[in-house]
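A.B. asks: Sequence:
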Amino acid sequence: PHPPPPPSPPPPPPPPTVESTPPPPAVESLAHSVCGPYAVHARAAITFAGPQSTIHGGDMGVSPGTAITGNFAFAGGGHVVSTPDSAAFAASVLVAHTAAMVPRADGQAMAIEMGGVTFTPGTYRSGSAINFAFGTVVTLDGLNEPNPVFLFQALSTLVTAASTSFVLKNGARADNVLWALGTAATLGANSVLPGSILAGSAITFGTKAELLGCALAKTAITFESAGSVSLPQ
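When we follow this note's numbering, the leftmost residue of the sequence shown carries the number -14, and every step to the right adds one.
Worth flagging that the hints you see were computed from the coordinates, not collected in a lab.
This structure is a prediction, so every number in the text was calculated from the model and none was measured.
Each hint should be verified, as a subset may be incorrect.
Derived Cβ-Cβ restraints for the label pairs, each shown as a range [as the list claims (entries may be wrong)]:
1) Pro69 - Gln37: 19 to 29 Å
2) Ala96 - Pro69: 35 to 45 Å
3) Val80 - Val102: 26 to 36 Å
4) Ser77 - Thr51: 14 to 24 Å
5) Gly55 - Glu98: 15 to 25 Å
6) Val87 - Gly156: 23 to 33 Å
7) Ala84 - Ala52: 20 to 30 Å
8) Ser150 - Thr105: 17 to 27 Å
9) Asn129 - Asn56: 39 to 49 Å
10) Lys154 - Gly92: 20 to 30 Å
11) Val80 - Asn56: 11 to 21 Å
C-beta: ideal position from N, C-alpha, C; glycine also.
Given the sequences, and given the hints that come with them, work out the whole structure.
C.D. replies: Structure below.
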């Protein structure tokens, strides 16, 4: 008789289970939370004077007022939202402005003149105005943080001189910069401002002034000539 066959070898152990780590949730940018779909919104009126100004990537509305006048165009999407349909957003702007103006415990006092200064992520507060002088450069340094946020608070106005601009480095992004103003903002001709504006009264764009964020005003917004607003995507 033949001997019995040898026993079969035991099956190999199952491979070790590797649990994948889910990616971290996306962090909403400051601009997205404040601006929503709007690139430009005012409570009283929006006026476009002179050659055509351009609204990039966002909507425009006035509420409870109704006046939008002058020469403008949309680029990359966006449209005029009717007064009734933008009423809820108009109310949210009032709430956002009040919240943005509240002093922060970790806030730092800043001088009225910001030209030539490098800012790192945080909250900066001026007891009066914020000015940006002609011929100077402002640097926003994100320090390579994953979500660097810059909040600038002024109890009165923001005024940028003509042809001023910013340097953003090490992860600093325009969509995480917010200007909260007690009263008005005036952007000088050919100036470029990163960030969104929450103005307690009006916003005025000088000739070819450019905002990399949304413009939200509790009264009126005026584009003097060929200005632009680009809503961060």
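A.B. asks: Now tell me, hint by hint, if it's right for this structure.
C.D. replies: A quick look at each hint next to the structure:
no.: 1; hint: Pro69 - Gln37: 19 to 29 Å; in the structure: holds (27 Å)
no.: 2; hint: Ala96 - Pro69: 35 to 45 Å; in the structure: holds (44 Å)
no.: 3; hint: Val80 - Val102: 26 to 36 Å; in the structure: holds (31 Å)
no.: 4; hint: Ser77 - Thr51: 14 to 24 Å; in the structure: holds (19 Å)
no.: 5; hint: Gly55 - Glu98: 15 to 25 Å; in the structure: violated (33 Å)
no.: 6; hint: Val87 - Gly156: 23 to 33 Å; in the structure: holds (26 Å)
no.: 7; hint: Ala84 - Ala52: 20 to 30 Å; in the structure: holds (27 Å)
no.: 8; hint: Ser150 - Thr105: 17 to 27 Å; in the structure: holds (19 Å)
no.: 9; hint: Asn129 - Asn56: 39 to 49 Å; in the structure: holds (42 Å)
no.: 10; hint: Lys154 - Gly92: 20 to 30 Å; in the structure: holds (23 Å)
no.: 11; hint: Val80 - Asn56: 11 to 21 Å; in the structure: violated (32 Å)
Violated hints for the displayed structure, listed by number in ascending order: 5 and 11.
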